[in-house]
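Undergrad: Spelled out, the chains give:
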Amino acid sequence: MAQPDNKTHFGYQTVAAEDKANMVADVFHSVAAKYDIMNDLMSFGIHRLWKRHTIAASGVRQGHCVLDLAGGTGDLTSKFSDLVGQQGQVILGDINDSMLKVGRDKLRNLGKVGNIEYVQMNAEALPFPDNTFDVITIAFGLRNVTDKDKAIASMYRVLKPGGRLLILEFSKPIVDPLSKAYDFYSFNILPTMGQLVANDGESYKYLAESIRMHPDQETLKNMMELVGFEQTSYENLTGGIVALHKGFKF
Amino acid sequence: MLIHLLSSLIEATINTAIGLSDNLEGDLKAVANQELSIEIHDIALNLSLIYNGKKMSVIADRQASAKCAIRCNLETLAKLQDPANVTALIRQEKLDLEGDLKLAQNYSAAFSQMNINWSDQLSNVLGDALSYQLVEFMKQRHLKTKQKKQRIEQVTKELLQDELAVAVHPIELDIFKQQNRTLTTTTAKLEQRINKLLAK
Chain A
1 MAQPDNKTHF GYQTVAAEDK ANMVADVFHS VAAKYDIMND LMSFGIHRLW KRHTIAASGV
61 RQGHCVLDLA GGTGDLTSKF SDLVGQQGQV ILGDINDSML KVGRDKLRNL GKVGNIEYVQ
121 MNAEALPFPD NTFDVITIAF GLRNVTDKDK AIASMYRVLK PGGRLLILEF SKPIVDPLSK
181 AYDFYSFNIL PTMGQLVAND GESYKYLAES IRMHPDQETL KNMMELVGFE QTSYENLTGG
241 IVALHKGFKF
Chain B
1001 MLIHLLSSLI EATINTAIGL SDNLEGDLKA VANQELSIEI HDIALNLSLI YNGKKMSVIA
1061 DRQASAKCAI RCNLETLAKL QDPANVTALI RQEKLDLEGD LKLAQNYSAA FSQMNINWSD
1121 QLSNVLGDAL SYQLVEFMKQ RHLKTKQKKQ RIEQVTKELL QDELAVAVHP IELDIFKQQN
1181 RTLTTTTAKL EQRINKLLAK
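Protein chains in written order, with this note's numbering: chain A, 1 to 250; chain B, 1001 to 1200.
With the rest of the complex left out, here is chain B:
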């Protein structure tokens, strides 16, 4: 039953977004009455999305075939926000797609271009000035977080590259081991000779 609770929450969220967004309803026209099935295997969730021109229905574990069925994990699903990623992810075997590729791309494009004017929505509750300030603050925070994340990724990448440059290559390590063994043998031979000489 939990899966149906989850699907109803997702459905309510998407339909709220359709109502709030300036362009989502229009963008979803391209997928009207065409069913997309999404199977997210790492959380064992199977959802079917059907848009009827006004509302999105999200049904869990639906017993019907879809025009397009995609199977992936949660991480890959997040990457589908960019429709250009669809074919790349299929090539990388991270996304299994059956049916109409264009439908998956259209769904992806519609959601990635979703534009909600939060300032306008919040102004009904908070008033124009406060909602403008709040939205601007959130935008700044989002931008700063994004920049910080990019900076951390860049630093990590550079560190890894630098570390890679100074790290000993496995072949070098093999040669060193070989030389070490030769030195040990030579030292042992020398020790034997010294012991012989001392014995005389």
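Isolated chain A (complex conformation):
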């Protein structure tokens, strides 16, 4: 959330709100090429199951128009492209052009063409008319957004009545021993792994810090309700390390 004095968090640092987007961009420019392999290593492949759960909860059908926000390397877009068919459309949106390029190349190599558009965009000001999408997803992206309230409001605006928003994001572990092990892993093993594999320990230190600064399950649910989402709910996955928030626009 942007702070009143136009300051915001970048990991544990407090920075000027207008600087955060560029700082986050630098992180993702740096990790884009090794993003997928690092995701598999860091999560032991479990991120694929979290994403499958999100797809199951999305209810995406033939002909739907889907926005995969902060879609990065296109894991969700790939599956949505299969589900919406040629009558539907998937927009893979990301603020970072390096991530978009990696995603576009990956999906084209998989033969996913025809119903996917790639758009560089800022989640706080989505460049689409009101009531455009049946489903919007944002997976592991919201915590990097400078003004989260503004981004959620923007998503609400472009969602069709009856449409649903799914936010898959790191959250607060609900089991104490797991929380301690997770802290140790995040602040000791993760940056080392990032240094060894992606040659960038700092970016993975930011990842761990940004997760801790992200709103917990209930706070995020309230944020969704404040901009107008109804029937909001969340599911804790892997003991709350990740949570899937869901809300509808009516």
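Just so you know, not all the hints are guaranteed correct.
[Claimed, not checked] With a Cα cut of at most 27 Å, we get these calculated DSSO-like pairs of lysine-lysine:
(1) 101(A) <-> 1055(B)
(2) 1054(B) <-> 101(A)
(3) 172(A) <-> 160(A)
(4) 1079(B) <-> 1149(B)
(5) 160(A) <-> 1067(B)
(6) 106(A) <-> 1055(B)
[Said to hold, decoys possible] From the structure, some residues in chain B lie toward chain A, with a derived Cβ separation under 10 Å:
(7) 1002
(8) 1005
(9) 1007
(10) 1032
(11) 1034
(12) 1044
(13) 1048
(14) 1052
(15) 1055
(16) 1056
(17) 1057
(18) 1059
(19) 1060
(20) 1065
(21) 1133
(22) 1135
What the hints contain is simulated information worked out from the structure, not anything from laboratory work.
Here the structure is a predicted model, which is why all the values come from computation and not from measurement.
Think of the CB as a built atom: it goes at the ideal place given N, C-alpha and C, for glycine as much as any other residue.
Add chain B to chain A, keeping to what the hints say.
TA: Below, chain B without anything else, positioned relative to chain A:
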């Protein structure tokens, strides 16, 4: 999460089969873009199958309605390999089907006619001669196992029928019990008379 791991394994297996089979991709055209939901209640598994013309997506616990939804147990699901069984299983109330019956039959037909040329596939790794011998050996083993299974089933059936023929019918058993009771009463009366005669 395990359910999603399982669905991803099933999805990978089906897509590998589509790639290997000579005819499956063509046969699945009939079900393209039509969703089939399968609920297997004895293992609490709910899977949705969607074929997009190239790849099959298998999604667990999907929150969307399907064109055809079937509910059954694992044993019944295995019987669905034969599309002719679909209506029979519905009549026997072993299969609960909602929606388009034809879609379930088309899925069933596509998978039952799946033909993978294993010899051709294995020859890339093992060479022609060895892969041919291996596949022939496996076919022979499969045939022998199938014949053995049929023989065991036949023998069991015959044994049960023979046993049924010599076994006492419940009515016969009732009559025997009745006769036994009559005999006991008669013997008791006779005993009393003998005792009376001895007392004189």
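Undergrad: Decide, hint by hint, whether the structure agrees.
TA: Verification of the hints:
no. : hint                : verdict
1   : 101(A) <-> 1055(B)  : 24 Å, holds
2   : 1054(B) <-> 101(A)  : 25 Å, holds
3   : 172(A) <-> 160(A)   : 30 Å, violated
4   : 1079(B) <-> 1149(B) : 17 Å, holds
5   : 160(A) <-> 1067(B)  : 24 Å, holds
6   : 106(A) <-> 1055(B)  : 17 Å, holds
7   : 1002                : 8 Å, holds
8   : 1005                : 6 Å, holds
9   : 1007                : 7 Å, holds
10  : 1032                : 9 Å, holds
11  : 1034                : 9 Å, holds
12  : 1044                : 15 Å, violated
13  : 1048                : 8 Å, holds
14  : 1052                : 5 Å, holds
15  : 1055                : 6 Å, holds
16  : 1056                : 9 Å, holds
17  : 1057                : 5 Å, holds
18  : 1059                : 5 Å, holds
19  : 1060                : 6 Å, holds
20  : 1065                : 9 Å, holds
21  : 1133                : 36 Å, violated
22  : 1135                : 31 Å, violated
The structure does not agree with the numbered hints 3, 12, 21 and 22 stated previously, though it agrees with the rest.
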